[in-house]
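With full-length UniProt numbering, letter number 61 in the sequence shown gets 61, and the count goes up by one each step, no holes.
Derived from the structure by calculation, the hints contain no laboratory data.
Mixed in with the good hints, there may be bad ones.
[Said to hold, decoys possible] What follows is a set of in silico ranges between Cβ atoms, one per label pair, in the way DEER data are often shown:
#, residue 1, residue 2, range
1, T31, K341, 36 to 42 angstroms
2, H308, G163, 48 to 54 angstroms
3, Q123, D372, 48 to 54 angstroms
4, E422, G456, 44 to 50 angstroms
5, D372, Y251, 30 to 36 angstroms
6, Q221, H308, 23 to 29 angstroms
[Stated by the list, open to error] DSS-like cross-link-like pairs, simulated, lysine-lysine; straight-line CA separation at most 30 angstroms:
#, residue 1, residue 2
7, K34, K256
8, K367, K34
9, K176, K284
10, K310, K34
11, K256, K171
12, K128, K176
13, K292, K171
Don't be surprised by glycine CBs; every beta carbon is placed ideally from N, CA and C.
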Amino acid sequence: MLIPVILAGGTGSRLWPLSRELYPKQFLNVTGSKTMLQSTLARLVGLEHTSPLIVCNEEHRFIVAEQLRLGGFGHSGIILEPVPRNTAPAIALAALQAMEQGGDPLLLVMPADHIIDDEIAFQTAVKKGLASANHGQLVTFGIVPHSAETGYGYILRGEAVAGFEANYVVKEFVEKPNSELAQHYVDSGEYYWNSGMFLFKATAFIAELKRLAPDILTACQHALSASSADMEFIRVNPDDFEACPSDSIDYAIMEKTQLATVVPLHSNWNDIGSWSALWDVSDKDEQHNVKKGDVIAVNSQSNYLCSHNKLVATVGVNNLVVVETKDAILVANKDNIQEVKQVVEALNASGRTEHIFHREVYRPWGKYDCIDCGSRDNVKRITVKPGEKLSLQMHHHRAEHWIVVSGTALVTNGDQTILVTEDQSTYIPLGTAHSLENPGIIPLEMIEVQTGSYLGEDDIVRFEDRYGRADN
Numbered sequence: 001m002l003i004p005v006i007l008a009g010g011t012g013s014r015l016w017p018l019s020r021e022l023y024p025k026q027f028l029n030v031t032g033s034k035t036m037l038q039s040t041l042a043r044l045v046g047l048e049h050t051s052p053l054i055v056c057n058e059e060h061r062f063i064v065a066e067q068l069r070l071g072g073f074g075h076s077g078i079i080l081e082p083v084p085r086n087t088a089p090a091i092a093l094a095a096l097q098a099m100e101q102g103g104d105p106l107l108l109v110m111p112a113d114h115i116i117d118d119e120i121a122f123q124t125a126v127k128k129g130l131a132s133a134n135h136g137q138l139v140t141f142g143i144v145p146h147s148a149e150t151g152y153g154y155i156l157r158g159e160a161v162a163g164f165e166a167n168y169v170v171k172e173f174v175e176k177p178n179s180e181l182a183q184h185y186v187d188s189g190e191y192y193w194n195s196g197m198f199l200f201k202a203t204a205f206i207a208e209l210k211r212l213a214p215d216i217l218t219a220c221q222h223a224l225s226a227s228s229a230d231m232e233f234i235r236v237n238p239d240d241f242e243a244c245p246s247d248s249i250d251y252a253i254m255e256k257t258q259l260a261t262v263v264p265l266h267s268n269w270n271d272i273g274s275w276s277a278l279w280d281v282s283d284k285d286e287q288h289n290v291k292k293g294d295v296i297a298v299n300s301q302s303n304y305l306c307s308h309n310k311l312v313a314t315v316g317v318n319n320l321v322v323v324e325t326k327d328a329i330l331v332a333n334k335d336n337i338q339e340v341k342q343v344v345e346a347l348n349a350s351g352r353t354e355h356i357f358h359r360e361v362y363r364p365w366g367k368y369d370c371i372d373c374g375s376r377d378n379v380k381r382i383t384v385k386p387g388e389k390l391s392l393q394m395h396h397h398r399a400e401h402w403i404v405v406s407g408t409a410l411v412t413n414g415d416q417t418i419l420v421t422e423d424q425s426t427y428i429p430l431g432t433a434h435s436l437e438n439p440g441i442i443p444l445e446m447i448e449v450q451t452g453s454y455l456g457e458d459d460i461v462r463f464e465d466r467y468g469r470a471d472n
């Protein structure tokens with residue numbers, strides 16, 4: 001039995017301002033018609049497998065569930081990490097959960113933020129690794145390099161493993177090299193890019209974890225044994241998981257084990273670790289510009305130009321990344337694009353929020369867009385999906401005016417429950433318990449005007465909530 005394990009954690013700060021802490025790159029549609037998470041799941045079509053296990057940050061749980069639903073993908077559990085602890089603990093949680101569900105399954109571990117353009121080659125490589133993994137080996141997949149990349153780690157292969165097609169002993173994991181060393185690796189034909197994808201029996205991985213990183217295993221066992229079910233989510237015990245050491249599977253296991261084998265994967269592959277990497281894999285015009293959205297490029301070459309709301313026009317510029325969102329604009333030279341992370345660090349240090357969430361924020365019931373904000377007023381455009389409902393809540397410091405633009409709102413306002421239709425409005429006084437529901441079959445669009453002395457999102461007391469967010 002093969003169970004895919006999709007690692008959907010991470011913040012993707014190097015793709016700021018499109019990727020944010022609360023809406024990172026794995027949930028973005030950067031190429032094609034699917035998000036990166038959905039593309040990862042679609043890559044499994046053609047392999048015999050059961051429903052995947054998803055591991056993600058607790059803050060992203062509703063985004064994950066919604067993207068699975070929209071893509072038509074099933075799952076056997078969404079495991080929530082209360083805090084990030086890198087890949088070794090995430091995989092440990094998945095392995096323990098898979099064993100708890102029965103048997104000794106094979107786990108195919110895949111990050112949710114990779115692009116692989118040849119799905120047949122991917123599936124062929126997985127099938128070549130099955131026999132070795134069933135024999136107790138820890139299989140990784142090495143991307144056959146087509147250039148001397150300095151942004152990837154490398155795997156040095158050893159001798160072929162007897163009896164297993166295209167399986168080689170892992171001789172060494174190598175850190176990201178300089179350009180000269182990277183060229184030597186490629187020229188030798190013995191090195192692969194480290195893809196971060198793995199295939200192994202759950203018991204084989206747990207046995208090596210017990211031998212090489214017992215603290216990680218113990219913490220994950222305790223966290224999962226004290227877990228609770230919350231709708232389709234598996235909530236591990238936060239105190240036990242916070243006590244878990246943070247480490248990657250490479251450092252904790254793969255670089256130390258004697259069971260590591262590598263299967264070559266012949267495909268264009270990219271982990272989309274920067275805007276320049278995204279430029280590499282995107283369609284370009286005759287001037288080698290990538291243009292997304294409303295863009296005009298005059299006498300400009302080799303740029304990544306992305307507009308989401310406003311016209312972006314360039315004249316006589318080359319080798320730039322220009323990304324416009326509702327609340328931020330990035331202008332950077334592609335040669336210095338890795339330094340975008342320093343912008344995120346500066347935003348965090350100054351107490352700003354543009355690195356945490358977009359102006360448009362997604363919720364399990366829909367979304368809201370903060371279109372204007374003053375010292376004592378805040379204006380939002382709210383969209384509620386059909387059949388969904390916001391929590392029964394109240395605020396200590398603000399009142400709210402609701403104006404329905406389209407659809408129908410079922411509003412609880414203190415002791416009253418009323419229908420508010422298009423071009424109608426209602427007023428929620430400060431301190432009044434209230435809720436909003438869309439009883440119709442089309443999205444509810446409305447404008448909310450908040451007024452008061454404090455307008456922060458933390459001024460909320462939830463009494464009832466169908467998404468498990470009510471205050472105790």
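Structure-based check of each hint:
no.: 1; hint: T31 - K341: 36 to 42 angstroms; verdict: violated (22 angstroms)
no.: 2; hint: H308 - G163: 48 to 54 angstroms; verdict: holds (53 angstroms)
no.: 3; hint: Q123 - D372: 48 to 54 angstroms; verdict: holds (50 angstroms)
no.: 4; hint: E422 - G456: 44 to 50 angstroms; verdict: violated (30 angstroms)
no.: 5; hint: D372 - Y251: 30 to 36 angstroms; verdict: violated (47 angstroms)
no.: 6; hint: Q221 - H308: 23 to 29 angstroms; verdict: violated (44 angstroms)
no.: 7; hint: K34 - K256; verdict: violated (37 angstroms)
no.: 8; hint: K367 - K34; verdict: holds (19 angstroms)
no.: 9; hint: K176 - K284; verdict: holds (28 angstroms)
no.: 10; hint: K310 - K34; verdict: holds (23 angstroms)
no.: 11; hint: K256 - K171; verdict: holds (11 angstroms)
no.: 12; hint: K128 - K176; verdict: holds (27 angstroms)
no.: 13; hint: K292 - K171; verdict: violated (43 angstroms)
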